[in-house]
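**Student:** Given the coordinates of chain C, work out where chains G and W should sit on it, guided by the hints.
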Amino acid sequence: MHPALFGTMAALLVASALSVILQRSPIRSALSLVVTLFLLAVVFLFLDAQLLAALQVIVYAGAVMVLFLFVIMLLNLQEDRPAMAKVAVRGAAAFIASLFVLAAVRFIVGGAPSTGTTAMSTAVSADFGSTEAVATLLFTRFLLAFEVTGVLLLVAIVGAVVLAKRRLV
Amino acid sequence: MWIEVGIAVIKTLTVLLLVLSLAGILGWVERKGSALIQDRIGANRASIFGFAGAGLVNTMAADPLKFLTKEDIIPKGADRLLHTLAPCVNMFPVIVAFAVIPFGDVLVIGERVINLQVAPLNIGILYVLAMMSLGVYGVVLGGWASNNRWSLLGGIRGSAQMISYELGMGLAVVAVVMTFGSLDLQAMARAQGHLIGGWIPGWGVLYQPLAFLIFLCAGIAESKRVPFDLPEGESELISGYFTEYSGLKYLMFFMTDFIEIGVVAGLVTTFFFGGWQVPYLMSDGFHFPWGAQLLLPQIVVALLQIGSFLIKVLFFCWVQVLIRWSLPRLRYDQLMRFGWKALLPISLANALLTAIVVLAFQG
Amino acid sequence: MAEQYIPILVMFVLTGGLVGTMVGLARVLGPQRPNPHKGDPFECGNPPSGGAWGRFSVKFYMTAISFIVFDVEVVFFYPWAVKFRDLGWPGLAAMMLFAFLLAVGLLYEWRKGALEWD
Numbered sequence: 000m001h002p003a004l005f006g007t008m009a010a011l012l013v014a015s016a017l018s019v020i021l022q023r024s025p026i027r028s029a030l031s032l033v034v035t036l037f038l039l040a041v042v043f044l045f046l047d048a049q050l051l052a053a054l055q056v057i058v059y060a061g062a063v064m065v066l067f068l069f070v071i072m073l074l075n076l077q078e079d080r081p082a083m084a085k086v087a088v089r090g091a092a093a094f095i096a097s098l099f100v101l102a103a104v105r106f107i108v109g110g111a112p113s114t115g116t117t118a119m120s121t122a123v124s125a126d127f128g129s130t131e132a133v134a135t136l137l138f139t140r141f142l143l144a145f146e147v148t149g150v151l152l153l154v155a156i157v158g159a160v161v162l163a164k165r166r167l168v
Numbered sequence: 000m001w002i003e004v005g006i007a008v009i010k011t012l013t014v015l016l017l018v019l020s021l022a023g024i025l026g027w028v029e030r031k032g033s034a035l036i037q038d039r040i041g042a043n044r045a046s047i048f049g050f051a052g053a054g055l056v057n058t059m060a061a062d063p064l065k066f067l068t069k070e071d072i073i074p075k076g077a078d079r080l081l082h083t084l085a086p087c088v089n090m091f092p093v094i095v096a097f098a099v100i101p102f103g104d105v106l107v108i109g110e111r112v113i114n115l116q117v118a119p120l121n122i123g124i125l126y127v128l129a130m131m132s133l134g135v136y137g138v139v140l141g142g143w144a145s146n147n148r149w150s151l152l153g154g155i156r157g158s159a160q161m162i163s164y165e166l167g168m169g170l171a172v173v174a175v176v177m178t179f180g181s182l183d184l185q186a187m188a189r190a191q192g193h194l195i196g197g198w199i200p201g202w203g204v205l206y207q208p209l210a211f212l213i214f215l216c217a218g219i220a221e222s223k224r225v226p227f228d229l230p231e232g233e234s235e236l237i238s239g240y241f242t243e244y245s246g247l248k249y250l251m252f253f254m255t256d257f258i259e260i261g262v263v264a265g266l267v268t269t270f271f272f273g274g275w276q277v278p279y280l281m282s283d284g285f286h287f288p289w290g291a292q293l294l295l296p297q298i299v300v301a302l303l304q305i306g307s308f309l310i311k312v313l314f315f316c317w318v319q320v321l322i323r324w325s326l327p328r329l330r331y332d333q334l335m336r337f338g339w340k341a342l343l344p345i346s347l348a349n350a351l352l353t354a355i356v357v358l359a360f361q362g
Numbered sequence: 000m001a002e003q004y005i006p007i008l009v010m011f012v013l014t015g016g017l018v019g020t021m022v023g024l025a026r027v028l029g030p031q032r033p034n035p036h037k038g039d040p041f042e043c044g045n046p047p048s049g050g051a052w053g054r055f056s057v058k059f060y061m062t063a064i065s066f067i068v069f070d071v072e073v074v075f076f077y078p079w080a081v082k083f084r085d086l087g088w089p090g091l092a093a094m095m096l097f098a099f100l101l102a103v104g105l106l107y108e109w110r111k112g113a114l115e116w117d
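One line per chain: the protein sequences are C, G and W, in this order. With numbering that gives the first Met the number 0 as the guide, the letters of the first sequence map in order to residues 0 to 168. With numbering that gives the first Met the number 0 as the guide, the letters of the second sequence map in order to residues 0 to 362. With numbering that gives the first Met the number 0 as the guide, the letters of the third sequence map in order to residues 0 to 117.
FYI, nobody ran anything at the bench for these hints, they're computed from the structure. Note that the structure is a prediction, hence the values are computed from the model and not measured. Be aware that one or more of the hints could be misleading.
Some, not all, of what chain G presents toward chain C, calculated at C-beta under 7 Å [to be verified]:
1. I122
2. S132
3. V135
4. V139
5. W143
6. G180
7. L182
8. V318
9. I322
As a list, the in silico PhoX-like pairs of lysine-lysine whose alpha-carbon atoms are at most 25 Å apart [unchecked claim]:
10. K111/W x K340/G
11. K58/W x K164/C
12. K111/W x K58/W
13. K58/W x K85/C
14. K340/G x K58/W
15. K340/G x K164/C
16. K65/G x K75/G
Each residue gets a CB set at the ideal place from its N, CA and C atoms; glycine is no exception.
Here chain C stands alone, though its shape is the one from the complex (with noise of 0.2 Å):
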């Protein structure tokens, strides 16, 4: 039951993330990615992680994509048939993507590789995922993190003031 649902979820994300780079309109491009990340945020619950599932959907798919849309719509941007870039470009990303594909292959029929110690024998706690375990670690463990997060956060909104109220000579 279980493997065939997220077989269907993987499959829809697979599509989707390939009708981002397939598509020819870039809104609909970006509309694409949305639909990836909140199936992105599915996978998420399928792993037990809930509160990242739903601030993936809050944040991400709502926010950052809400900035790229207004962007795209605000420039106009039209759909765009790019150059094709020379044959010797065209080969080595042709090589690239075949590296990948055979590791993808690799790992598909042969399992993950092991990395020396025993396999992840640890179960992970009931809570796992849950809104108390993750504030509980934030804020022992990973309290530094998230105070430098703070500051990040910070750095972004300067940034932003400074980008947007530049005179442009």
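**Tutor:** Positioned in the frame of chain C, the structure of chains G and W alone reads:
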């Protein structure tokens, strides 16, 4: 396992039925209520066999039939897929947000205890916020897919407004979460069942009055109703982002407006007014503070709770309709200024103040 | 996957069916009488003035960026709000420092006029 799926299907269908009839009734309340407030009669011409029902037949039968049979015009140069998708993307999140709003406590059938909430998520309120974040896309798409400069302007302004007020809403709810200690809406509703001093029902509004006001303002702004309806700008941008829609798609945009009134009313009820709680009603009957008791069978208790929930939701829908027809519209820069410079700092201060007060009393 | 989400899946499917049916009905039930002027953009009776968008305002971009930053902040508030009683005064101090950093950011935006006229 299939029994659970079956129960979920029944609950979902019940909620969908409730939502759609709420949208219909609110349409009638809006038209007739606005007519009464503006000292006129309102629509009363359509009638079946002479029964006009004070505009009910007009709004709930004649209008939907008219919308169903209109031609679906897609403007030339518009993206046909996006034009069709926009009303769907607009309507979907607001209906689905009802999945976590509890409309009763439990219903005991035989040995099965059914929680009267479609999905008992333990991240309940974050799910609602996620769905409201996704609601922005319907507006933006509706504006873009119309190939009309004014629709696009309305769409972008509408979405900028929605995202600005999502912040105030989110922080107001943070204060509510702090009061009840849980993100699950059913737990919040249950937590409001205790009595303060043995007499007063411990509803959320008594603990968080400021959060209630902030949430109500932000909720009305989210659904882009007056006094925040400039993106729809009925006298300026014709219909704003849904100008180029006709027939059933237009009806879908309109229904989303009414359903969102229902969502805001449902959330206000659950957070601040006890949800399905009836004062002094416990799971086996009434326990009055002066010692009297009235024991009731479980099904009656459940029905009383559902009825209480519906009454409260309808009350808050009516409050929002009243507000619409009483207040003038805010100008767009006033609107954005209010959201960013007033609601955001106040709700942030409210959240931190709540924390200080609770920790001081606890420690 | 947590079993709690199966009703959500049910609701998504049923709501999707409802919404799809409504849009499908819109296609099927209405007449189809195409006419070149029906497709013109509606400009209160004026002839369509062309699709050139012209200059856009940077304030929409500012609003969206500010929204992202403050949304991340709000989202950090939620785990703390659930656990703040157990985290006590040290947790409150940590959160107040975080909120202070972002309040400084909001104040900076305010003074620089980035919140204006939108």
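**Student:** Checking hints one by one. Is G180/G an interface residue toward chain C, by the C-beta closer than 7 Å rule?
**Tutor:** 10 Å, violated
**Student:** Sort out whether K164/C lies within 25 Å of K58/W, counting only the CA atoms.
**Tutor:** Given that 25 Å is the threshold and the Cα spacing comes to 10 Å, the pair holds.
**Student:** K111/W and K340/G were given as a pair; does the straight-line alpha-carbon distance stay at or below 25 Å?
**Tutor:** Within the cut-off at roughly 13 Å; holds.
**Student:** Would you check the hint for K340/G and K164/C, treating anything up to 25 Å between C-alpha atoms as holding?
**Tutor:** Satisfied, since the Cα-Cα distance of roughly 19 Å is no more than 25 Å.
**Student:** Next pair to validate is K65/G with K75/G; report whether the Cα-Cα distance is within 25 Å.
**Tutor:** 24 Å, holds
**Student:** Please verify whether K111/W and K58/W have alpha carbons no more than 25 Å apart.
**Tutor:** 13 Å, holds
**Student:** If you take the shortest Cβ to Cβ gap from S132/G to chain C, is it below 7 Å?
**Tutor:** Nearest chain C Cβ about 3 Å off; hint holds.
**Student:** With 7 Å as the cut and Cβ atoms as the points, is V139/G at the interface with chain C?
**Tutor:** 6 Å, holds
**Student:** Is the shortest C-beta separation between W143/G and chain C less than 7 Å?
**Tutor:** At 6 Å from the nearest chain C Cβ, W143/G passes the 7 Å test, so the hint holds.
**Student:** Please check whether L182/G passes as an interface residue: C-beta within 7 Å of a C-beta belonging to chain C.
**Tutor:** 6 Å, holds
**Student:** Against chain C, with CB atoms and a cut of 7 Å, does the hint on I122/G hold up?
**Tutor:** 5 Å, holds
**Student:** Is the straight-line distance between the alpha-carbon of K340/G and that of K58/W 25 Å or less?
**Tutor:** 15 Å, holds
Of the numbered hints stated above, those contradicted by the structure are hints 6, 8, 9 and 13, listed in ascending order.
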